[in-house]
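Chains as they are written, first to last, in the numbering used here: chain A, 1 to 159; chain B, 1 to 159; chain C, 1 to 159.
A hint or two may mislead.
Copies of the same chain look alike in the list, so a pair counts if it fits in one copy or across any two.
Below 25 Å or equal to it, Euclidean Cα-Cα: the simulated SDA-like pairs (lysine to any residue) are [claimed, not checked]:
1) 157 <-> 99
2) 32 <-> 54
3) 48 <-> 138
4) 32 <-> 43
5) 46 <-> 72
6) 48 <-> 35
7) 48 <-> 136
8) 46 <-> 138
If you're looking for bench data, these hints aren't it; they were derived computationally from the structure.
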Amino acid sequence: MNNDTVAVASLLSKSNPVFCCYMFWSSLLILKMLLMSLLTARQRMKTKTVANPEDLRMMRTTEVRFHDQNVERVRRAHRNDLENILPFMLVSLAYVACGPHALTASLLIRIGAAARLLHTIVYAVIPLPQPIRAICFFINFGIVIFEAIYVMICVAKYI
Amino acid sequence: MNNDTVAVASLLSKSNPVFCCYMFWSSLLILKMLLMSLLTARQRMKTKTVANPEDLRMMRTTEVRFHDQNVERVRRAHRNDLENILPFMLVSLAYVACGPHALTASLLIRIGAAARLLHTIVYAVIPLPQPIRAICFFINFGIVIFEAIYVMICVAKYI
Amino acid sequence: MNNDTVAVASLLSKSNPVFCCYMFWSSLLILKMLLMSLLTARQRMKTKTVANPEDLRMMRTTEVRFHDQNVERVRRAHRNDLENILPFMLVSLAYVACGPHALTASLLIRIGAAARLLHTIVYAVIPLPQPIRAICFFINFGIVIFEAIYVMICVAKYI
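Bound-form chain A, shown alone:
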């Protein structure tokens, strides 16, 4: 067994600093996504917007309500996370497994994750005027595209 095989085998392991970086920022993004559920719950309580009859008593209100603007804003931000953070995490995993340049990969993961953290703040916590949210969105968007194309070129012969 040569050293090369060992190196390849351990790209998705704690011995690879890039994978460690990926795990750190992924975990932080996951925590951020969980926070959205709590933000939604807070807005539901504030505005007494309850979607299920069985939740009425817990929220101290008497009828189900939908389409509250404050609740829907957080829910749109949460859905945007599902649409962008989960793909970012899955494609970054493949990207790390391709063994990219360590510094580039770590920077892309950090910037992509930071952009999503900022996106949540300007969307659901303190709504700020555009194009701040659009910029955060497209930074992460561009990184996902770059990583996906990098992976596809890297493994193109196994199509």
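Following the hints, complete the assembly by docking chains B and C onto the known chain A.
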């Protein structure tokens, strides 16, 4: 090459019982998530609630309808799965890759997955009074938080 | 250290052609999912359907609107992707880690991914009469079920 490196390299492989446990429960949760699509379809048929014009003939109805309470309940449960099961699976993968204590990790994966299975039953199959659904939700929620923080501490120096 | 351990350790690495095939098609599906955001934006611009007050100026319109049929169609297709592509990618990862028959696994990944690409075209780009969309849906659906059951049998003793 020493034994330590081998052990690290194979944490995400069939030779690691914790990863096997993770794969078993992840696959079961995926099957459960697919079931939500069938539950939605069943409710759509029962209540003739069709969202696309091209589906009208297949469902033997004449116009599109939205906001049926039975359909929306299953869809909310399904969305809740996307918001919680997918993060649970992704963070557990990183957690397993960190090489946690085997018994603890297996128990967390089993309890977290079982909580989500129960969550679906009391939300979308047989709606039960609160706080049963809230308890199921927060068991899984707490486990995801624990695992994410565990991973972040474990790889903190590669931030 | 024997050869068997090495082989197991490297299933989730570039040295495994099945994993390379998985990475290629996963990345393509991720790109396809990102495209849905752009399709939604295009429909929002065309129909001037803006969900956030802060986006009004950017879209050159004066009030928020919801429930536009063209926007909602793309959003339903996008949500269907979240419900099916992400589980497909996660279960396929576990499936590849179980070391399945190489040709079978590669074919399942290719067919499952192709079915989802076609699903998007007939749902959100050029809406076609049923059952074309249903067939695309159930091809991928069936493959996810097969892979999940394969994984569960493969690691059943670590339940």
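Between the shortest in-copy and the shortest cross-copy C-alpha distance, which are at most 25 Å for residue 48 and residue 138: within, between, both, or neither? between (34 Å within a copy, 21 Å between copies)
Up to 25 Å between alpha-carbons, please classify residue 157 paired with residue 99: within, between, both or neither. Both: 16 Å inside a chain and 20 Å across chains, each within 25 Å.
Should residue 46 paired with residue 72 be assigned to within, between, both, or neither, using CA atoms and 25 Å as the limit? both (13 Å within a copy, 23 Å between copies)
Checking an output row: residue 48 and residue 35, CA cutoff 25 Å. Within, between, both or neither? within (19 Å within a copy, 31 Å between copies)
Cα distance capped at 25 Å. Does residue 32 pair with residue 43 within a copy, between copies, both, or neither? within (17 Å within a copy, 29 Å between copies)
Checking an output row: residue 32 and residue 54, CA cutoff 25 Å. Within, between, both or neither? between (28 Å within a copy, 23 Å between copies)
Are the CA atoms of residue 48 and residue 136 at most 25 Å apart within a copy, between copies, both, or neither? between (31 Å within a copy, 22 Å between copies)
Within a copy, between copies, both or neither: where do residue 46 and residue 138 come within 25 Å Cα-Cα? between (32 Å within a copy, 20 Å between copies)
Comparing the model with each earlier hint shows no violations; every hint is respected.
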